[in-house]
Amino acid sequence: MNSLILRSATQLLLTILLLFSFFLMLRGHDLPGGGFIGGLVAAAAVALYAIAFGYRAAQAMLRISPRALVGWGLLAAVASGFLALLQGQAFLTGQWWIVELGGGAELKLSSPLLFDIGVYLVVVGTILTMLFALEER
Amino acid sequence: MSWLVGAPVILPLAVAALLFVLQGRREAQRVISTASTALLVTLSAILLYRVSEGGILVAQFGEWRAPFGISFVADHLSAIMVVITGVMAVATAVYALRDIDPDREALGYHPLFQVLLAGINGAFLTGDLFNMYVWFEVLLIASFVLLTLGNRREQLEGGIKYVAVNLVSSLVFLGAIGLVYGVTGTLNMADLAIRLPQAPGGLVSVIAMLFMVAFGIKAALFPLFFWLPASYHTPPQAIAAIFAGMLTKVGVYALIRVFTLLFVHDVAYTHTILLWIAGFTMVTGVLGAAAQNDFRKILSFHIISQIGYMIMGLALYTPLALLGAVFYIVHHIIVKANLFLVAGIVRRYAGSFDLDRLGGLYRRAPFLSVLFLVPAFSLAGFPPLSGFWAKLVVVLAAADVGAWPIVAVALVVGLLTIYSMTKIWQAAFWSPLPDGVELAPRPSGLLYAPVIGLALLTLAIGFWSGPFLAVAEAAATELMDPTAYVRAVLGDAAAATIGRTP
Amino acid sequence: METPLALTVGVLFACGLYLVMQRNLLRFVFGLLLLSGSVNLLIFTVGRLTRGAPAFVPSELSTPPGDVSNALPQALILTAIVIGFGLVVFAMILLLRTYERLGTVKTEELSAHLEAPRPVPMRHDDEAPA
Chain A
1 MNSLILRSAT QLLLTILLLF SFFLMLRGHD LPGGGFIGGL VAAAAVALYA IAFGYRAAQA
61 MLRISPRALV GWGLLAAVAS GFLALLQGQA FLTGQWWIVE LGGGAELKLS SPLLFDIGVY
121 LVVVGTILTM LFALEER
Chain B
1 MSWLVGAPVI LPLAVAALLF VLQGRREAQR VISTASTALL VTLSAILLYR VSEGGILVAQ
61 FGEWRAPFGI SFVADHLSAI MVVITGVMAV ATAVYALRDI DPDREALGYH PLFQVLLAGI
121 NGAFLTGDLF NMYVWFEVLL IASFVLLTLG NRREQLEGGI KYVAVNLVSS LVFLGAIGLV
181 YGVTGTLNMA DLAIRLPQAP GGLVSVIAML FMVAFGIKAA LFPLFFWLPA SYHTPPQAIA
241 AIFAGMLTKV GVYALIRVFT LLFVHDVAYT HTILLWIAGF TMVTGVLGAA AQNDFRKILS
301 FHIISQIGYM IMGLALYTPL ALLGAVFYIV HHIIVKANLF LVAGIVRRYA GSFDLDRLGG
361 LYRRAPFLSV LFLVPAFSLA GFPPLSGFWA KLVVVLAAAD VGAWPIVAVA LVVGLLTIYS
421 MTKIWQAAFW SPLPDGVELA PRPSGLLYAP VIGLALLTLA IGFWSGPFLA VAEAAATELM
481 DPTAYVRAVL GDAAAATIGR TP
Chain C
1 METPLALTVG VLFACGLYLV MQRNLLRFVF GLLLLSGSVN LLIFTVGRLT RGAPAFVPSE
61 LSTPPGDVSN ALPQALILTA IVIGFGLVVF AMILLLRTYE RLGTVKTEEL SAHLEAPRPV
121 PMRHDDEAPA
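Chains as they are written, first to last, in our numbering: chain A, 1 to 137; chain B, 1 to 502; chain C, 1 to 130.
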């Protein structure tokens, strides 16, 4: 689609949408959000880019094939399950590491977060695979 | 040891992830995919050994206790099915090295194959109904893509029927799960075994029928089988073989699981319907095969008729009959997949699956002819091959309870199976080569390796049937008395409440 | 509230079944969408309805203070929606490819198309290109 307005707006919106998708993913453990919905927003961002600049430009922007994204996501999700096995617990048992940042702030890292990142990547990868499959002739 | 219960699912999933990342590096994909199937069969064999030594193994993912979390349960039946999946995985992965073209490999054949294995094993091992639905969908979507990979005309046409019917079946399955949850408030199968008998019987029967329809479609039971012969002859042989071996058997497994563990409140009603269906399935399958003149279509219709024998074992619902059903499944997976692989080699020789365009293979390839005869005679039930014992046990079990009509059906269908197998033998191997058909040189030896391996396995089951029957008997005993299953998942206190009304 | 929802499930299911039995495969896919919607609604309804009580526990408590709605059906439905979404998209892509290659999405024309004599022999078509 050749529209100046859409193109200019997309350049701005892409960044905001991607940032928002990260926010949704990180928020998701205790509150509404999560890897799935975050991944959907990110995929929507790329889809918007594909509408504005063509799907080849979107593929070029991604630099990585969507299927490889699925692979990395699955790897991250499976790896998050193995972390528990190292502790002698059942597969997928949640593991938490709280890092003190000083000044009362703390950073909560966890295997569910890694799992969510995996879900995020799988969702982005799957939806973009479908989208590009529909575009390809 | 709980990780071992999840291993047959987690391994192929992890390998699939790795193969997705390695997209485009063909050699690496081939090596990893094939090697991982060897590891898969080893882990599965260890699992079966542990189960037969120490009883049912249970894993609670994320340490969420049953019935709140998702349990994976490996009893004898599940472990047997997982081992046979591993065997098929090795056989088809080796065959695929020469059978799947680089185009399909580039489109993602290898990772999808692993996803399919994960889905199959997940469906076999899970102890939770909804989780079973999820694994069914995982294996379905992988099978959809594998079936239509390459987008050829027949593939698309067959693929549409396969996809359409299976999607409807999934929705029926999901609806049935919803109703089970509404009636009992739980989806853990061990928990359901306690609670379903306390629910109103009529409602439970309705739900049981929904499950019968949903799994009946997956298992290709009469009258819901037409998608199978419409689609199984379209993909490459390696894919067709694992489909023919495993996919309908996932449906059969699910039927056996729910109609021994969950829906035994009114056996006289539900299992009688199953028996009728089994009879019709056998007859229509074998008659359909007799009318066909294409190697693969004959084999496809025979899958249906053989499924009838398995369901007959389930429907009779005695320890001997279930033993027969389990034994039959194992025998049939090996034999049927092997026949599909042989068909692939025949096609490499003669360039066709059409029996009118085949011939002269006995002169040209006597060894291949023997390799065809072993599974073909086994399928037809010649002693002392595996199929003979399988049919014998099921028929004996039917005679035991005096179900003479089904005995007659089973025997007649057996005879007609011999007719189909001799038809293929006659047309493809014995008769002279038709005019204008040239035989190609002998295809790669790697294609023969899995065929020989599976044929030896068929012979082994035939000549040393003792240990195989013993394992099947252990599975049947567990299926007839779900107490051990419930105790393994929920503990002693829960197991004591089975069959008690509140 | 259960009765109207149950009726809705029934009506949706019937409409879905009607569409699924059409010969036009595009309508079949629409039928699938309706069926899957009705099944999801069914799960939601059988999970019992609780009004005005979200399935959350306040962060300062470890157990819910009063009534909470049952979160499990919602989790089941979410999973089913995701799976259904993937399957329907796959079905749509399959239909598109079929339309491109065979020029029709009507079931009877599909079969006729296959039975008609083909311009090119299809033998050896899935062999590796030399």
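Rather than coming from a laboratory, the hints here were simulated on the basis of the structure.
Check each hint, because a few of them may be wrong.
[Said to hold, decoys possible] Only pairs whose alpha carbons sit at most 25 Å apart, straight line, appear in this in silico BS3-like list of lysine-lysine:
(1) B:K297 / B:K161
(2) B:K161 / C:K106
(3) B:K423 / B:K297
(4) B:K423 / C:K106
[What the hints assert, rightly or not] Counterexamples of contact, computed for chain B against chain A with all Cβ distances above 10 Å:
(5) G6
(6) A16
(7) P111
(8) L275
(9) P383
Every residue gets a Cβ at the ideal spot worked out from N, C-alpha and C, and that includes glycine.
Restraint check for B:K423 with B:K297, where alpha carbons must lie at most 25 Å apart: holds (13 Å)
Reported absence of B:G6 from the contact zone with chain A (all CB gaps over 10 Å): violated (5 Å)
Restraint check for B:K297 with B:K161, where alpha carbons must lie at most 25 Å apart: Satisfied, since the Cα-Cα distance of roughly 16 Å is no more than 25 Å.
Non-interface claim for B:A16, where every Cβ of chain A lies beyond 10 Å: violated (7 Å)
10 Å cut-off, C-beta based - B:P383 kept clear of every residue in chain A: holds (45 Å)
Hinted pair B:K161 and C:K106, Cα distance within 25 Å: Given pair B:K161, C:K106 holds - Cα atoms ~12 Å apart, limit 25 Å.
Hinted pair B:K423 and C:K106, Cα distance within 25 Å: Cα-Cα ~36 Å, so violated.
Given as non-interface: B:P111, which should sit over 10 Å from chain A by C-beta: violated (7 Å)
Cβ separation check - B:L275 to all of chain A, threshold 10 Å: Nearest chain A Cβ is 40 Å from B:L275, so the label holds.
When the structure is compared with the earlier hints, violations turn up for hints 4, 5, 6, 7 and for no others.
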